[in-house]
Amino acid sequence: MEAKLNSEVIGIISTNNEGIIYQYNEGAEILLGYTASEMIGLDKRNAVLIKAEFEKFENDIRSRYNKSGTDANPYELLAENNGYDAREWTVIKKDGTTFISHSTLTPLKNESGENIGFLRILQDITAQKKTETELQQKNQVLNAAEKLALIGNWQWNTITNDVNWSNNLYSIFEVNPDEQITFETYYNFIHPDDRAIVDANILRTNTEKKFCETLHRIVLTSGKIKTVQLIGDVTLDDAGNVIELIGTCQDITAQKKIEFDLLRKNQLLNAAEKITQTGHWQWNVITNDVIWSNNLYNIFGIDPNEKLTYESYAKFIHPDDVEAIRLNREKSIKDKKFHERLHRIVLSSGKIKTVQILGEAILDEAGNLTEFIGTLQDVTELRMAEIKFKGLLESAPDAMIIINEQEKIQLINKQAEKLFGYSSEELLHKSVELLIPPRFKAEKVADLEILFDADKTIEMGVEKDVYGIHKEGKEIPIQINLSPLKTEEGVLVSAAIRDITNQKKIEAELKLKNQFLNYAEKLTLMGHWQWNTITNYVKWSNNLFNVFEIEPNENTTIETYYNFVHPEDKELVGINIARTKNEKKFCDTLHRIKLTSGKIKTVQLRGDVVLDDLGNVIEIIGTCQDVTEQRMAELKFRGLLESAPDAMVIVNDLGEIQLINKQAEKLFGYSAEELQNKPVELLIPERFNKHHTNNRDAFFNAPKTRKMGEGKELYGINKSGEEIPIQISLSPLKTEEGLLVSAAIRDITVQKNTESDLLRKNQVLNAAEKITMTGNWQWDYIVNHVTWSSNLFNIFEVDPEENLNFDSYFSFVHPDDKETVQLSFDKSVEDKIFYDLLHRIVSTSGKVKTIQLHGDVITDTDGKVIELIGTCQDVTQQHMAEKKILEANERLELLASTLKTRNTQLADFAHITSHNLRAPVSNLNSLLGFYNNSETEEEKIFLFKKFEIVIDHLTETLNTLIQALRTKNEGAENLESLTFDEVLSKTKEILAGQILKTEAKIISDFSKNVKITYNRTYLESIFLNLLSNAMKYKSDDRIPEIFIHSEIKDGIQKLSFKDNGLGIDLKRHGHKMFGLNKVFHRHPDAKGVGLFMTKVQVESMGGTISVESKVNVGSTFNINFK
Amino acid sequence: MNNDVNFCIVDDDDIYQFTIKKTILSLNLAKNIIAFSDGEEALNYMIENLNNDKELPDVILLDINMPIMDGFQFMEEYIKIQPKIGKKITIYMVSSSVDTADIERAERISEISDYIIKPIEADKLKSIVEELSNNEI
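Going down the list, the protein sequences come from chains A and B.
If you read the first sequence in our numbering, its first letter stands for residue 1, the second for the next number, and so on.
If you read the second sequence in our numbering, its first letter stands for residue 1, the second for the next number, and so on.
It should be emphasised that the hints constitute simulated quantities derived from the structure, not laboratory data.
All residues carry an ideal CB built from backbone N, CA and C; glycine is no exception.
Please note that the accuracy of each hint is not assured.
Going by beta-carbon spacing under 7 angstroms, a handful of chain A positions derived as facing chain B [claimed, not checked]: (1) Arg918; (2) Ala919; (3) Asn923; (4) Asn925; (5) Ser926; (6) Ser1109.
Lysine-lysine pairs mimicking DSSO-like chemistry, simulated, CA-CA at most 30 angstroms apart [unchecked claim]: (7) B:Lys84 - A:Lys940; (8) A:Lys418 - A:Lys471; (9) A:Lys570 - A:Lys585; (10) B:Lys84 - A:Lys1067; (11) A:Lys945 - B:Lys22; (12) B:Lys80 - A:Lys1110; (13) A:Lys946 - B:Lys21.
Just a sample of chain B residues kept apart from chain A, beta carbon distances all over 12 angstroms, derived [unchecked claim]: (14) Asn51; (15) Ile85; (16) Pro119; (17) Glu130.
Just chain A, with the same shape it has in the complex (with noise of 0.2 angstroms):
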């Protein structure tokens, strides 16, 4: 108390010179504990001084003004420089007691400027001066604890602009300590980029007179960049001016980086939390408060500054799940275990949200629930994707269970509860093997493991039958669609399951159905399709498969189908699917097929065709049955009735006509539609009716093979209601559809009215007698089993005991037949095809007959022949009918030749007397009448010389004819052997002159035929005509060169001639190339008849001459010898 109350008095003490006292106040008085009267008028410098410090004072003034040693006076320094010293000075008071004072020394002066004396003002600064070491003490502890935060202090003198830093200041900047500091020291440091922070915070300072707390960083000399933090206050003085800053500044560079991390981390929390819409939470249960990380804050909505509890939560629980989540909140208490909460929140905008809550509690040493932590995440859109799979999920008609990886069930839908009476709860995060019976597990695991492999979808229990279990240990038969789904938690399968029990039981029924079907369809050779004529695929049932003798397959459309179709009906296959279509009524079609391997079968198609409801066809369903066997015996039956020679008709046993042959149908004039079904009473004339029911009735009763109408006379009736003499012949046939007869009916009105005209004339009457002996026989090929009809054994005479095959049969054929029959069946087996046969027979009484053999080869569906069925004809005496026929004509036809030759020269005589004997003749009628009516013997001498011209010429075509017709009388006579070359080189001889003349070349080639028997006269005359010919009709412009050339060809011996003359126009005159007298070329020594004794001579010889010419080029004649 009393240094502060000292230090608010002021001593004041004046001096002269020479220190004397002059002047010492009250303040003083108190101060020094003298009074003025004990201090004025003495120095007592000594007295209050310290003389050490007095000393130091003496010095100080010297060296403040540069004046060494002590000879100086400090005092009149400080006079002379009108300077001052302010100092501490140790006073020492009356009492002896010391303070320590504040102490100005000023020099004073006069007006004239004299230093009269000095002033010194003294203040007690003790208590200051306590203070000060105080804080000096403490100072040093603040540069300890500055130094552990890094902290300095500074004072900014703005008016001076000196800087004072504290030591630890130097340190953080790293600067030496005995730097004078400024602030542009300091404002050096500052890093580049903070200065205009720093700048900005200066000026603010000194506007708003307050310190603007500052962070920046700043670079040291060694380049290391610090981060400081600036706190401080300013100093004014009296007019409001700033006149200091003080303050410290804190090197926060670790801290800065600590919380720079955090930031960052925080950062990346907020963004994490934002990004998956979660927040975390601390809920301390003891005193309720609540924490929320900021993203919480936006999922609620809310201002980030309310202070939470726990009910800022909980107001926003949706109202339905209010109670869940109260229950839930409970439990967690209760349990010590925060329970997992998922439900709706409504924000304040009236959002609806769905949040999930998950968490941990918190417990205290002693085990006390203090508080739960967690996370909370707004799952909305994933719930909402939830709720539209879940809903998906429940409304798929199927049971569905998702299962992971590990086999746990994530979810099931209500139809899942269903099927296997367990609740979704009880089910998940179960295995799923729960709900498979244990004989599968084994294989399920494999197929899962397939299934997430493979990462595609399966489908189980298709082929193989897949039970599920139900909780109360029942097996289900399911059927299993198995898909992977990729999701963020891995590979999830999920399965649709079908309860297929109802399927099942169908399906064993339609199992049971299909297997009767399918020995039916084995049975009847049938099979059943389905055609949807949309998609074009066709079901085929197994039989069907067994038809086509392919294995079955799931692909069978109509194509397939009709590629089977046999290629010659699958034009009426085409039109009939067509009409189908078209009629939209199925169209029955019998047709043939063509297997893959070759094999031929016939196949009856019937059908029903689907409609919808716009009448359109959609699809066409029916039956294929293979009704080859059937149809080949219907074949064979049918083959055996049309080879018949007799008319059959086929006979149910209600008189309805069943079948009809071919020769039915030419008997009785109807077509076999016009009698199918119709009583058969209709081919009966009416008189006969009556009697015929009566009859057939009673074949009925007993039925055996006879003959009808035998000793008395029966008669058909036909179409055009002509009665018709017939013999019938009636076997029972037991067929299926119950008893028919067959009746064979022959039309014996030929051998009727043959009987009649025979009777008349009295004439071969046992031949009449006996009927045309026919009979039917079949010859198994494969056993060689031979079956005759009786009446076969008749013709043959045989006992019809006799066990038969194709031997005995062939021991009966004529020894010279043999061959033929032999070669005549080969080629029917061969070929397939029977060739219709007639040959003669020894029968067992030696008899030879002649027999005709028609009949048909049968194959199997291979092609490979199974048997020949045929009839059998006694034709004997139709045959020796024929044979003589046949002589009778062969001697006409032999007759007409011969008058054909004679016709042909009579022709020939005719034209030569009116053209060669008439002309002349008339010729000498008109000169006789010209010499009769002559007047003079001169006009008579000039007649006559012509009459001797016309007689000459008349003589020689007599010459000629007489040795024409002598020729062709005796053609034949005279023959020898001769050679070619002795005959030319004769003709050469009498040509000789003529040879010489035109200077022609005869060339001659016999080498091929040397010789031949001929008439000399003949031969000489053929070749002298030919080769004169030649040379007389040479061309001008060449030299005549013949060829004369013989060969035999086909058996006939032939001579050419070749030359190379005028030739002949052919087309002109080829006619009457060899007439009598014909000539064709102006040449004096042309006659027309060398050629037409040529033509003579050949022709009576039988052989023939004809000519090949070109003209200009050349003649070739070619004779044909016998």
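The hints should help you fit chain B onto chain A, whose structure is shown.
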């Protein structure tokens, strides 16, 4: 009696040519007689004198049986050139052939007026010329 008729004889028989010419001349039936011994010669003459009416014959007595080109062959060729001939020519087939085949064949050719069997009587020649002048009136 009209005697400005041009006769044409086509026959390879010299004796016949001699007798017919003599008969025509003695009857004074012709202004001119030309004779050829085969169809080709006659045809060539016709072609040479297509537009020369004076030289063309009024009557042709055509034999059947001739070398090179016979009577029927001549007719075939004549029919081809007939449209180019400005003059009416009457053709008689004259032959010693009594073969009906020849006669019938000649009758089928409309350009042939008649078939005359040799020898030709004088009266026949006269009636031929008479018919010609009748047709001209």
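Results for each hint:
no., hint, result
1, Arg918, "4 angstroms, holds"
2, Ala919, "4 angstroms, holds"
3, Asn923, "4 angstroms, holds"
4, Asn925, "5 angstroms, holds"
5, Ser926, "4 angstroms, holds"
6, Ser1109, "15 angstroms, violated"
7, B:Lys84 - A:Lys940, "45 angstroms, violated"
8, A:Lys418 - A:Lys471, "10 angstroms, holds"
9, A:Lys570 - A:Lys585, "20 angstroms, holds"
10, B:Lys84 - A:Lys1067, "26 angstroms, holds"
11, A:Lys945 - B:Lys22, "16 angstroms, holds"
12, B:Lys80 - A:Lys1110, "24 angstroms, holds"
13, A:Lys946 - B:Lys21, "14 angstroms, holds"
14, Asn51, "28 angstroms, holds"
15, Ile85, "23 angstroms, holds"
16, Pro119, "4 angstroms, violated"
17, Glu130, "21 angstroms, holds"
Checked against the numbered hints given earlier, this structure breaks hints 6, 7 and 16; the rest are met.
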